[in-house]
Amino acid sequence: MITANENTSWITAHADVALSGANIAWLNQQRKSALTQFEAVGLPGVRDEDWRYTNLRALKSNDYALTSASSLNIELADTTNPRLVFVDGHLDQAASTGLSDSVTSLKDSLEIVEAHFSSTLPKKPHGFTALNTAYAHDGYVVHLKSGQVLEGVLEVVFVSQSADAVSHTRNLIIADANTQCTIVERHVGTHGTVYLNNVITEVVAGDNAHVDHYKIQQESNDAFHMGGVFINQAKGAHVKSHNIALSGLVTRNDIHSNLLGQGAHVEMNGLVIGQGRQHVDNHTEVNHAVPNCTSDEYYKTVLDDHSRSVFRGRIIVAKDAQLTNADQQNNNLLLSKDAEADCKPQLEIYADDVKCSHGATVGQLDPVSLFYLKSRGIDAKSANALLTFAFANEVIERINVDSVRQELTQIIAGELLSGLEELV
Amino acid sequence: MLKVTNLHASIDGKSILNGINLEVKPGEVHAIMGPNGSGKSTLTNVIAGRDGYEVTQGSIEYLGNDLLELAAEERACEGIFLAFQYPVEIPGVSNMAMLKAAMNSMRKYHGQEEIKAGDFLKLIREKADLVEMKHEFLKRAVNQGFSGGEKKRNEILQMAMLEPKLALLDETDSGLDIDALKTVSHGVNALRSPERSMILVTHYQRLLDYIVPDYVHVLANGKIVKSGDKSLALELEAKGYSWIEGMEDTAAAVQQAS
Amino acid sequence: MSAPILNEKNKDLKKLVKREYKEGFVTDIESDTFEPGLDEDVIRRISAKKNEPEFMLEYRLKAFRSWLKMPEPSWAHIDYPKIDFQSIAYFSAPKEMPQLDSLDQVDPKLLETYAKLGIPLEEQKMMNNVAVDAVFDSVSVRTTFRETLSKAGVIFMPISEALQEHPELIKQYLGSVVPTKDNYYAALNAAVFSDGSFVYIPKGVRCPMELSTYFRINEMNTGQFERTLIIAEEGAYVSYLEGCTAPQRDENQLHAAVVELVAHKDAEIKYSTVQNWYPGDENGKGGIYNFVTKRGLCKGDNSKISWTQVETGSAITWKYPSCVLQGDNSVGEFYSVALTHNKQQADTGTKMIHMGKNTSSTIISKGISAGHGHNTYRGLVKILKGADNARNFSQCDSLLMGDQCGAHTFPYMEVQNPTANLEHEATTSKISEDQLFYLKQRGLGEEAAVSMIVNGFCKDVFRELPMEFAVEAQKLLEVSLEGAVG
Chain A
1 MITANENTSW ITAHADVALS GANIAWLNQQ RKSALTQFEA VGLPGVRDED WRYTNLRALK
61 SNDYALTSAS SLNIELADTT NPRLVFVDGH LDQAASTGLS DSVTSLKDSL EIVEAHFSST
121 LPKKPHGFTA LNTAYAHDGY VVHLKSGQVL EGVLEVVFVS QSADAVSHTR NLIIADANTQ
181 CTIVERHVGT HGTVYLNNVI TEVVAGDNAH VDHYKIQQES NDAFHMGGVF INQAKGAHVK
241 SHNIALSGLV TRNDIHSNLL GQGAHVEMNG LVIGQGRQHV DNHTEVNHAV PNCTSDEYYK
301 TVLDDHSRSV FRGRIIVAKD AQLTNADQQN NNLLLSKDAE ADCKPQLEIY ADDVKCSHGA
361 TVGQLDPVSL FYLKSRGIDA KSANALLTFA FANEVIERIN VDSVRQELTQ IIAGELLSGL
421 EELV
Chain B
1 MLKVTNLHAS IDGKSILNGI NLEVKPGEVH AIMGPNGSGK STLTNVIAGR DGYEVTQGSI
61 EYLGNDLLEL AAEERACEGI FLAFQYPVEI PGVSNMAMLK AAMNSMRKYH GQEEIKAGDF
121 LKLIREKADL VEMKHEFLKR AVNQGFSGGE KKRNEILQMA MLEPKLALLD ETDSGLDIDA
181 LKTVSHGVNA LRSPERSMIL VTHYQRLLDY IVPDYVHVLA NGKIVKSGDK SLALELEAKG
241 YSWIEGMEDT AAAVQQAS
Chain C
1 MSAPILNEKN KDLKKLVKRE YKEGFVTDIE SDTFEPGLDE DVIRRISAKK NEPEFMLEYR
61 LKAFRSWLKM PEPSWAHIDY PKIDFQSIAY FSAPKEMPQL DSLDQVDPKL LETYAKLGIP
121 LEEQKMMNNV AVDAVFDSVS VRTTFRETLS KAGVIFMPIS EALQEHPELI KQYLGSVVPT
181 KDNYYAALNA AVFSDGSFVY IPKGVRCPME LSTYFRINEM NTGQFERTLI IAEEGAYVSY
241 LEGCTAPQRD ENQLHAAVVE LVAHKDAEIK YSTVQNWYPG DENGKGGIYN FVTKRGLCKG
301 DNSKISWTQV ETGSAITWKY PSCVLQGDNS VGEFYSVALT HNKQQADTGT KMIHMGKNTS
361 STIISKGISA GHGHNTYRGL VKILKGADNA RNFSQCDSLL MGDQCGAHTF PYMEVQNPTA
421 NLEHEATTSK ISEDQLFYLK QRGLGEEAAV SMIVNGFCKD VFRELPMEFA VEAQKLLEVS
481 LEGAVG
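Chains as they are written, first to last, in our numbering: chain A, 1 to 424; chain B, 1 to 258; chain C, 1 to 486.
The following block holds chain A by itself, in its conformation from the complex (with noise of 0.2 Å):
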């Protein structure tokens, strides 16, 4: 519920500027209902269970202005790869070169998108989700139609580069029975800028679709980033999830697969890497609604300096989804007095045929692993950035696309190696 100490003009004050001039009936059905929804839980608190240990206090003591469509003013690593360009939710045509039939902005493939819009969301969305439908205004929209494989690796940079802003961006990944697409997406800010980036990607696969989906999180130190990976997969669909979060003030992910066909298979990795006062929520929830579908998750945190983490995994097995085969897997190192890692496994099943297990670790590096390499020479400062590379590193390795893993490689072993990258 809003509280009457919170700033909530901004929440209301840009309602007609949304998809300006869309004057669709499917569409502003849902954003009517969105609002609906939105009103009757507001933004969500501590109270809530699925929010006890992220505080929205300075979110929401801040105000937010929807700016208008502007050009990049930063300057983008170089890439051979197709690349979408969006700057404060607005897709840049100039920067952009990755459009083509299949890959779209939202507000030109309002058509397209009608039957699966907003379709893989929970039923019962928190209030940053109801927003993002109220109000999304623009994102990336890639339709593979039946047997299409995009070639290589689409690049979509989300860049938030004005102070105060708020975007709703809402990204569909349509893709066909028997298709095939990997999608990196990024999030990238100014250090220093405040900003709410609130952003959903909306992942419909196919039967036997592949879809790769990553998701690089280097927001501004001082950013709000509120972002859902929603997944319904249907028969032998294969969808893997990578999540990957560096920086921001407060994150908060809601990853969720629905397991709807049989043979379904969805692997979600997750690394965060915190530091500062950086806050990351990372929520995750596996729906077997069907049989024989499997899941398999790995989520690793490490945290120094004041940041901390929460790890929410929900793994559901309907009545019927016998020969389930689920497993979860989070591992966190405190690297810091004053890091905090809070993690919520959860098993929740219905059926009996099934083999479900979730494992879950806080603690340190190991300390004979630590002996070791010190006892071949290497100095202590060294072999503690080299194990805690190692541990970040196991999620790393289960990238398959050889560019994203190598440059994730360099990225993390940038923040975690400072100064030490020769070591690997």
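Everything labelled a hint here was simulated from the structure, so no lab data went into it.
One or more of the hints may lead you astray.
Below, a sample of chain C positions facing chain A; criterion: calculated Cβ distance under 10 Å [said to hold, decoys possible]:
(1) 77
(2) 398
(3) 403
(4) 416
(5) 417
(6) 422
(7) 423
(8) 426
(9) 428
(10) 430
Coverage of chain A stretches by chain C, computed from C-beta distances (three or more under 8 Å per stretch; other residues unrestricted) [as the list claims (entries may be wrong)]:
(11) 335–341
(12) 358–369
Taking lysine to aspartate or glutamate and the EDC-like style, the derived pairs with C-alpha atoms no more than 20 Å apart in a straight line are [what the hints assert, rightly or not]:
(13) 355/A x 425/C
(14) 337/A x 388/C
(15) 357/C x 338/A
All C-beta atoms, glycine included, are put in the ideal place defined by N, C-alpha and C.
Following the hints, complete the assembly by docking chains B and C onto the known chain A.
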């Protein structure tokens, strides 16, 4: 002792055994060889009474009675022992507790009194020595954390304890190094007697160097395509399983003609 | 072969055995029972009946006033109709119950009841070295072995008597671990509890025998609210056992107990429960609603509190025996087997709050769900900032029998200290067809095979129980599971 007549069996509607005929007399040791997927393990599982196999035709007579009428545990109590190809782990249940419960269940079946704790201990230690199993293994949970060789040894220990009339040894040699193979074979040979019959299922001739069978049968596509004595195994090894492919056709032709 | 083990063929087994709740009889005994209903007057009457000191009445009224303002908790994974707290009687005592100096003065019907339950109150027939306190509906009827114990300086008596004889101890410790406002049911208990056991082990004393309390609900529409308080002074040790049964009735009955443990420096308390309240019938009719708050405070350095529970009864179980590890090097343990069959629901687990340095905790939870039962493990391991070198190991396993039941695991880990080491594992599985066939091939019947596998599954918990209790627990599990396969 055992008479298998024209046995047909299937799993999930898929036919695996296609007319097995086999007769085993007291004291005889029969080896059943054949390539992967020929139905060797299915045959032992059907004899032991595992769920999930449907006997579609034929019969199995054991000690003059219809074996197929009996539940798995009744067959065990009647003296049929299956040494598993993949012995099962049962966490929290010690080897000793399981064996004691098994022995007493069989004794009860035969209207005998329960075994005295002291007698049981003495017996199990004696049998453990026979298969060269360390006594500490007896207190560990059934097969949990055992190596492949230890598991197989444990199967033979159980066989020694339960003293079956008919022992089915399903790929008992698989996964064993030469020393373990010798130990296990030694245990099996010690249990040979004029009253006890055995069926050895194996892929390789090697086991038969240590446990010498009276008869060797070659199984292919769910049928026995050739029977003979020990020399058949050697011949099979020399010529390879492709040798029998021709025989199947012949067998099929013979059957169709008849 | 992946066909479910509970196939057509095995359905016959269901008919083979129907579980009977053997403790379901009613004792026809004259009782002094209050009219149903709860207000301040009822609380004053309870306090007057017990001839309590003034501070106790104040304590109760304070708790009652907080309770009135508290919402009923709804976060647990359980589903039941709303409880009408005004339809419950809050006090019931067998009549003819003046001070008991010898067994001759106990109503023979009561003795008979306990004999039927297999709990001997007659000293000559006593279990080996176990002192027993028996609580019938709301009052304690008999505590055995008091003299032997008092020679060792151990106080073991109904808490109502302790209020008369040792009011200073009660005043000091009651509510010190579970405050009156702790939660809804704890507040209710603080307001209306009528009896329970009190144990005090003086400094350096190792209690010479196991202490045991048997709780029995007999009267209809009566709630049972007992309060147990155990204090172990420096270097003391006590092992305490608790058993519970109730008659078979179509109505649900409420049981809301509070247990507080305090372990001082170097002291150890081992608390074991075999809970077999009436679980209701196979259609979920009747049964006890068991809402219990149990918490131990490891107050001194090197202290240890260990909870072991075997929960097979009750229609609803809501229970989280916890440890607050305040002293340095203190140790908390929680071992639990919870079984839900038919329409039973259990939401149980523990909280381990690490405050002192070098504290460690172990959690072993085994949940078994059969029939339409739902079994939830809910636990919290919290490492506070100052708790350097804290260690926790948690293992939560669930075994599912049948496709209509559910098993759920909700652990919480909150770590605020980088020197902590926590490990949590959870698995869910069913009895595999391979395991069943293996045992059958060795000559065991289906029920024996299932029982052997289930007992193996629970072994890590059973071995924490005192011997007599372990055997009882194992049998109870067998009886409770009868008919579950099929």
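Grab the minimum C-beta distance from residue 428/C to chain A and call the hint holds if it beats 10 Å, violated otherwise. holds, 4 Å
Per-residue hint verdict: residue 77/C, partner chain A, C-beta under 10 Å: For residue 77/C, the interface hint holds, since the closest Cβ of chain A sits about 8 Å away, which is under 10 Å.
Under 10 Å, Cβ to Cβ, is where residue 422/C needs to be relative to chain A, so tell me if that hint holds or is violated. At about 4 Å, which falls below the 10 Å cut-off, the nearest Cβ of chain A leaves the hint on residue 422/C intact, so it holds.
Given residue 398/C as an interface hint, is the shortest Cβ-Cβ distance to chain A below 10 Å? Cβ of residue 398/C sits 7 Å from chain A, so the hint holds.
Does the interface hint hold: is residue 426/C within less than 10 Å of chain A, judged Cβ to Cβ? holds, 5 Å
Does the interface hint hold: is residue 417/C within less than 10 Å of chain A, judged Cβ to Cβ? holds, 7 Å
Please verify that hint: residue 416/C, Cβ, nearest Cβ of chain A, below 10 Å or not. holds, 5 Å
Check, residue by residue, whether the region 335–341 of chain A contains three or more positions whose beta-carbon lies closer than 8 Å to a beta-carbon of chain C, and give the verdict. Coverage by chain C holds for the region 335–341 of chain A (6 residues, Cβ < 8 Å).
Given a cut of 10 Å on the nearest C-beta pair, is the interface hint for residue 423/C held or broken against chain A? holds, 5 Å
Proposed proximity, residue 425/C with residue 355/A (alpha carbon, max 20 Å): holds, 14 Å
Hint check: is the beta carbon of residue 430/C less than 10 Å from a beta carbon of chain A? holds, 5 Å
Between residue 357/C and residue 338/A, is the straight-line Cα distance small enough, at 20 Å or below? Between residue 357/C and residue 338/A the Cα gap is close to 17 Å, so the pair holds against 20 Å.
The structure agrees with every numbered hint stated previously.
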